[in-house]
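Engineer: Starting from the known structure of chain A, arrange chain B on it as the hints suggest.
Quick note, the sequences are listed as chains A and B, same order. Counting in numbering that gives the first Met the number 0, the first sequence runs from 0 upward without gaps. Counting in numbering that gives the first Met the number 0, the second sequence runs from 0 upward without gaps.
I should point out that these hints are in silico values taken from the structure, not numbers from a laboratory.
Identical copies carry no separate label here, and so any pair may be met within one copy or between two of them.
Calculated cross-link-like contacts (lysine-lysine; reagent style BS3-like; alpha-carbon spacing at most 27 Å):
id, residue 1, residue 2
1, K362, K287
2, K71, K183
3, K170, K183
4, K71, K195
5, K156, K183
6, K84, K287
7, K183, K224
There are 2 protein chains.
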Amino acid sequence: MNKFEKAQQILQEINGDGWLIVCNEDNDIHSRYLLGVASHALHAIFIAVDGNHRVLPVVMEANMVRNSLKNKRVNAEVIPFNSMKEFADNLKLLINKPKIALDFGENIFEDTTTSYADYIPVGTHLALQKMAPNTDFISAAPIIYALRSVKSTEELKDLRNVCKATIEILKTVPDFAKKDMTEKEVMAKLEYEYAKVGKPAFPAIVGTGEHSADPHHNTSNKKIKPGPLLIDTGLQIDDMCSDITWTYWVEGNPSEEFIDAYNALYQAKEVANTYYTDGTSSRVPSIKCREYLAEKGFDHEKLFFHGLGHALGFEAHDVGPRISRAAPGNTPLKENMVYTNEPGLYWIGKWGIRLEDDVIVGKEKCEQVTSNPKDPIII
Amino acid sequence: MNKFEKAQQILQEINGDGWLIVCNEDNDIHSRYLLGVASHALHAIFIAVDGNHRVLPVVMEANMVRNSLKNKRVNAEVIPFNSMKEFADNLKLLINKPKIALDFGENIFEDTTTSYADYIPVGTHLALQKMAPNTDFISAAPIIYALRSVKSTEELKDLRNVCKATIEILKTVPDFAKKDMTEKEVMAKLEYEYAKVGKPAFPAIVGTGEHSADPHHNTSNKKIKPGPLLIDTGLQIDDMCSDITWTYWVEGNPSEEFIDAYNALYQAKEVANTYYTDGTSSRVPSIKCREYLAEKGFDHEKLFFHGLGHALGFEAHDVGPRISRAAPGNTPLKENMVYTNEPGLYWIGKWGIRLEDDVIVGKEKCEQVTSNPKDPIII
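In isolation and in its complexed conformation, chain A is listed as follows (with noise of 0.2 Å):
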């Protein structure tokens, strides 16, 4: 089944018309997840529940997503468009019936939120209203958590195979990175070797020193001196993208606090492990993490200042529920939703440690799809 026949089905168990995406400048990720291709300009994609899906690209980009549909073997009419008032009559046509759901989330900032659909922006909802008054726009929430919390059989293999690739990638890294190149030339290389075979799934974190404990650091021209060097990561090939954080030690012989903070991570990430199983609630494996880092004697209410892990799949930041020990509710993982398990210690404009894993949630244990050394690699 392919993912436009999978979206009719969710859209039957909703009594949803419709499934409308309107993206221009790539600002809604469905369009890739759906087309398999980037289309930049404006465009619409309508599933319809009752099977006449259709596409409405620029003319500019219709060949090239006749060409996607085809290789996807999905059955969709494309309908190009020349001009603003042509979109907007076709647009018309397809969205005035009782119910068609849209990408926009609820509840924002509350621990509900359903953020990982909002997409469409305001200006481009009213147009849509006024296009078409009287139906009933809902939101695409519960179609998109179908879609993409728990992966298929294809997206896993996809995920074995990018992580696969990217380790690969990792593990040349004390090859070329040397003292005095700068954060961004190793970003670079890594970046050109994942380009040969894929695409970065994010700009790649390379901080050096201090920059190692911003976990958000943007990789920048300061040369890499003596002591931890911290690279995140991940790879997108195909459907599926990898995340990975290890983090080395430049020049001579780690610090004690280093090897300690880098033990107590590799063994608090294992603690953490176990808990990816079917069923858990997704607050435990970061509530056992800590505890480990606690008993090791880590102040980790101050040192570690972010959540346990996030989805992973499409997108770095993927669909599921929050696997942190402020997730809400009590909610429960499931097979084969994929995760990313990643402790970090941070001394603010000191220096930090993130290890971080990809895992794939199973029914009695965790398949961990990436593995970072057990002893830090020294460059």
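Structural biologist: This is chain B only, laid out in the frame that chain A set:
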């Protein structure tokens, strides 16, 4: 004057109390535009008409945001949050004011669209309305237009610099691009060079053979074959992007059809250039370019199926009047607006050529800051 101060000045003119940007997973480009750093997690930026600017980042990004604002000499209070509730409470204190500008567009499917401002998603907007029921939320389009359409001296300096760097890299293509390399390998090498000095402004389009006829082709694993090779690529350094298309010929001598089309496009581009001047309607360059192509016997209605260009700046597709014969009204170009000039001719399923240069609109005469080779380069 920094960007916060400029925006504050525009707020005074439109009687707004503040400009609020709520950004999550990089879904509003104005966050990086203002902060000077990419903050990936949920955060808010509030530019206040009274100068009491605020940034609300998540704890894990607070240090990074503070450092970047300091480097940009922006005076804004940074208030980190630990939980969704804390974020919402802090936000509420800021926005309960009479008139707050948000990034949404108006008249989206009409000729008068301000889609360049259409960022805030529906669910986020609903949550803000609930949080501040008496606030009049207005579109930030006038602020964004005033900040971004006409470029500052500093931005033009960045533009000249990034264009020079891109050309230097593009010139090396014949040194490494060979028949039987894949399109992706060429892209990887190009972007490797970019990553050392900046980052790709958008994913490079490398199209061999019939792929050169898809203007927004997604670079593939196809091997480069003899004939046309189209490369559309851009680099970003500091606050400005380049966007350039060169069409090469691979192996042997270019066909007569190729040379004819190349020459006609080169001249058509020169013709269009003379109309990138202050006060000229943004329709005129395109009309003149097409007239020239018609004179040379090309059926441009069929073969040139996109606009002549687009505004260029902080983003590859930037803010400014549309430069197309189909542009609404008779909006004049203004001195120091920056545009691409990119006529193309495409024979779908066969091959295509596009020549694209970047141009600063001048008082009497434009400044072309990139330059396609007059004769096709043979690889």
